[in-house]
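In order, the protein sequences belong to chains A and B.
Just so we're aligned, residue 1 is where the first sequence starts under the numbering used here, counting upward by one.
Just so we're aligned, residue 1 is where the second sequence starts under the numbering used here, counting upward by one.
Hints listed in this document are in silico derivations from the structure and should not be mistaken for laboratory results.
Hints may contain errors.
[As the list claims (entries may be wrong)] The calculated DSS-like cross-link candidates involving lysine-lysine, where the alpha carbons are at most 25 Å apart (straight line), are:
(1) A:Lys-367 to A:Lys-184
(2) B:Lys-139 to A:Lys-184
(3) B:Lys-260 to B:Lys-307
(4) B:Lys-139 to A:Lys-202
(5) A:Lys-71 to A:Lys-295
(6) A:Lys-71 to A:Lys-117
[Stated by the list, open to error] Computed footprint of chain A on chain B, listed as stretches where at least three residues anywhere in the stretch have a Cβ under 8 Å from a Cβ of chain A:
(7) 32-39
(8) 136-147
(9) 221-233
Even for Gly, the Cβ is constructed at its ideal location relative to N, Cα and C.
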Amino acid sequence: MKKLISLALCMIMALSCFAGCQGGSGNEFILGAIGPLTGTASTYGQSVRNGMQIAVDEINAAGGINGVQVKMLFEDDEADGAKAKSAYEKLMDDGMNILIGAVTSGASVALNDLTAKDGILQITPSASQIEAAQNPNSFRLCFTDPLQGVTMADYTYSTLGYKSVAIIFNQDDSYSTGMKDAFKARWTELGGTIAEEVSFAKDATDFNAQMTKIAAADADFLYMPIYAEKAAQIIITANEKGVNLPFIGGDGMDGILNYLEGDNAKLAEGLLYLTPFVATDPDEKVAAFVAEYEKRFGSTPDQFAADGYDAVYVAKLAIEKAGITSPAAIDNAALIAAMTQIQLDGLTGSLSFTAEGEPNKGAKFAKIIDGQYVAQ
Amino acid sequence: MKIKFNRKMIGSVIAAIAIYAVIAILILTGILPRSMQSLVVKISYYVVLALSLNLIVGFLGDLSLGHAAFYAVGAYAGCAFALYSGLPLIPNFIISLLIGGISAAIIGFLISCAILKLRGDYLAIVTLAFGEFIRSIVKIIPGLGGTKGLTGVPSFDRFEGFTFGYAVVIIVIIILCNFTNSRHGRTITAIRDNAIAAESVGINIKRYKVLVFTVSSFMAGMAGVLFGFYKTSVEPADFTYNVSIEVLVMVVLGGMGSLKGSVIAAIIIVALPELLREAAAYRMLIYAIALITMMMLNSSPKFAALKAKALDRLYSVRESITAVFKRAK
Numbered sequence: 001m002k003k004l005i006s007l008a009l010c011m012i013m014a015l016s017c018f019a020g021c022q023g024g025s026g027n028e029f030i031l032g033a034i035g036p037l038t039g040t041a042s043t044y045g046q047s048v049r050n051g052m053q054i055a056v057d058e059i060n061a062a063g064g065i066n067g068v069q070v071k072m073l074f075e076d077d078e079a080d081g082a083k084a085k086s087a088y089e090k091l092m093d094d095g096m097n098i099l100i101g102a103v104t105s106g107a108s109v110a111l112n113d114l115t116a117k118d119g120i121l122q123i124t125p126s127a128s129q130i131e132a133a134q135n136p137n138s139f140r141l142c143f144t145d146p147l148q149g150v151t152m153a154d155y156t157y158s159t160l161g162y163k164s165v166a167i168i169f170n171q172d173d174s175y176s177t178g179m180k181d182a183f184k185a186r187w188t189e190l191g192g193t194i195a196e197e198v199s200f201a202k203d204a205t206d207f208n209a210q211m212t213k214i215a216a217a218d219a220d221f222l223y224m225p226i227y228a229e230k231a232a233q234i235i236i237t238a239n240e241k242g243v244n245l246p247f248i249g250g251d252g253m254d255g256i257l258n259y260l261e262g263d264n265a266k267l268a269e270g271l272l273y274l275t276p277f278v279a280t281d282p283d284e285k286v287a288a289f290v291a292e293y294e295k296r297f298g299s300t301p302d303q304f305a306a307d308g309y310d311a312v313y314v315a316k317l318a319i320e321k322a323g324i325t326s327p328a329a330i331d332n333a334a335l336i337a338a339m340t341q342i343q344l345d346g347l348t349g350s351l352s353f354t355a356e357g358e359p360n361k362g363a364k365f366a367k368i369i370d371g372q373y374v375a376q
Numbered sequence: 001m002k003i004k005f006n007r008k009m010i011g012s013v014i015a016a017i018a019i020y021a022v023i024a025i026l027i028l029t030g031i032l033p034r035s036m037q038s039l040v041v042k043i044s045y046y047v048v049l050a051l052s053l054n055l056i057v058g059f060l061g062d063l064s065l066g067h068a069a070f071y072a073v074g075a076y077a078g079c080a081f082a083l084y085s086g087l088p089l090i091p092n093f094i095i096s097l098l099i100g101g102i103s104a105a106i107i108g109f110l111i112s113c114a115i116l117k118l119r120g121d122y123l124a125i126v127t128l129a130f131g132e133f134i135r136s137i138v139k140i141i142p143g144l145g146g147t148k149g150l151t152g153v154p155s156f157d158r159f160e161g162f163t164f165g166y167a168v169v170i171i172v173i174i175i176l177c178n179f180t181n182s183r184h185g186r187t188i189t190a191i192r193d194n195a196i197a198a199e200s201v202g203i204n205i206k207r208y209k210v211l212v213f214t215v216s217s218f219m220a221g222m223a224g225v226l227f228g229f230y231k232t233s234v235e236p237a238d239f240t241y242n243v244s245i246e247v248l249v250m251v252v253l254g255g256m257g258s259l260k261g262s263v264i265a266a267i268i269i270v271a272l273p274e275l276l277r278e279a280a281a282y283r284m285l286i287y288a289i290a291l292i293t294m295m296m297l298n299s300s301p302k303f304a305a306l307k308a309k310a311l312d313r314l315y316s317v318r319e320s321i322t323a324v325f326k327r328a329k
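Taking the hints into account, I'd like the entire structure generated from these sequences.
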């Protein structure tokens, strides 16, 4: 027992030695970011980091924010809430001024309580779960799942003039059910009818039963609030069962062509989905960002990269609006108050924030035309 | 169980209080950076998990890959109570801790009754399945938030977190030290060493297996509540079989049947990835290499011989010193 205790003491001493390792903050704004760089969700975190890096370098090259350079510190959380907390504490030790993150919903929710206690400004680029931006100090850049559903209901009913819908959703996924419930509520409120509603379990690979039902239904289109991998399988089955409806989905549809090989790619022709960012968008800013991203990282940026890029610019605008000219003068309350007064014309659209921390931005739609994602 | 006070024990108590005092002062004065303060809390629930699994794997000799199940039950039961009770923080935590522990113990009791006849690989696979089973169940129970889980669990500040985490660790260590040194403890190791021989002298193996699983899951349940209060949310994704494996790694690294080994291994395995944050992209690589090295060194007879030799030399130095003193007299 004594040996154990002396060992524990040694550990503590060793740990406190590490305390000295933290870099003191010089004269630069520190943007801390948290997201998965390793583990199964690592592509999201890496995209956000790459997007942020481009924005930070641009800002620094242009003279910084109010003449002060910006430094980005990105910590890995493996999309795990408890690890996100450790990452957050590490960033606070390093003198973080504004938190960009976390990238994933679960981790963001786990951080809420801590960031609220510290009063630091938290901007999550991509956590779509409602609870991820509940506190007065937390804001989000992306649409929530329900908001996507509502937006799609408005667009299909009012703009496209559809009156009857068939729905297929994933019953095990809060992303899918969140979108579906909000869509249904809005759709019936508008006066649309629901011709058929079918669901599938997370590990389903056979969609024959569902598609037979939908083929028999009298619907104008098929709403699919699901991720691309399952959607691709469903589209193939739908073709076999003679479902001849337009396919419409949420931002999870991004990348669906990767799952449809050869002739099957033609089946997704005309698929319409809501997305904050399309890499083929002819918009000048988007084109410049895509070119820079491809040059640096050798791949096409996805919506997460665009979210990260925009988040940095939101932070910049907030600092400028609050009139903060040095890291020592950071005033969290002023920054948070500034958030609702800024207006950013970013890659993911023109956006401002409500006092509830939600983004106020127009929806962008993309359609698959000739095997390409085309912004609408 | 009679608790006998002897010199060794008093020394341990003093040491335990001293460690607490040192860390408490470091936290309260802010000398310990925030990342380390939060790490201490994280270490506390992993230590409890490793100790409780050691009871099953190290002392009883059954391989369980489903420890996350009990951890999950405790976390969900305790945190659901904490969320809906609205009590002040400290009584809320203590009651939640008990509720989490007891619920996990009930599930541990039921599961162990169901798997009494299994041993070895079969038991390992079934416990693995139970882990996933519990995770699916909590997803569909209404009021537990489905895939999103429970959010907004009350939370400690870092000092309170450390105090309560430390208290739970000490309680668990005291219970386990007494339990393993008692008649029951010796019975359990007898079952591990030779089940047939143990049965032949009249030991009721089934009874003891159920007892061990129940006690162990009670502790894992308490760890779950600590975790929930630390993270302020619990979701099914927190309790994948990866967690069970991670805890098993701590038990194996620390040495099966060694309580202090589990404590040390848990500290190392939780702290290492955090201390390596400076290494950025190479963090997980270095962590994995460190883990492999430690495991290989730990199991290598050559290293053990080296360690013994070093200790021997230390003893002989001590002896020669005392001999010198004796001669001087």
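Verification of the supplied hints:
With a CA separation close to 22 Å, the supplied pair A:Lys-367 and A:Lys-184 stays within the 25 Å bound. About 23 Å separates the Cα atoms of B:Lys-139 and A:Lys-184, which keeps this hinted pair within 25 Å; it holds. Taken as a hint, the B:Lys-260 and B:Lys-307 pair is honoured in the structure, with Cα atoms around 17 Å apart against an allowance of 25 Å. Distance check on the hinted pair: B:Lys-139 and A:Lys-202 sit about 13 Å apart at the alpha-carbon level, within 25 Å; holds.
For the hint linking A:Lys-71 to A:Lys-295, the alpha-carbon distance of about 22 Å falls within 25 Å, and the restraint holds. Restraint check for A:Lys-71 and A:Lys-117: the C-alpha separation of about 24 Å stays at or below 25 Å, so the hint holds. For the region 32-39 of chain B, the proposed coverage by chain A is satisfied: 8 residues have a C-beta within less than 8 Å of a C-beta in that chain, meeting the threshold of three. Given a C-beta distance limit of less than 8 Å, the hint that chain A covers the region 136-147 of chain B holds, as 3 residues qualify and 3 suffice.
Counting residues of the region 221-233 of chain B whose C-beta sits closer than 8 Å to any C-beta of chain A gives 5, which meets the bar of three, so the coverage hint holds.
Consistency note: the structure conflicts with none of the earlier hints.
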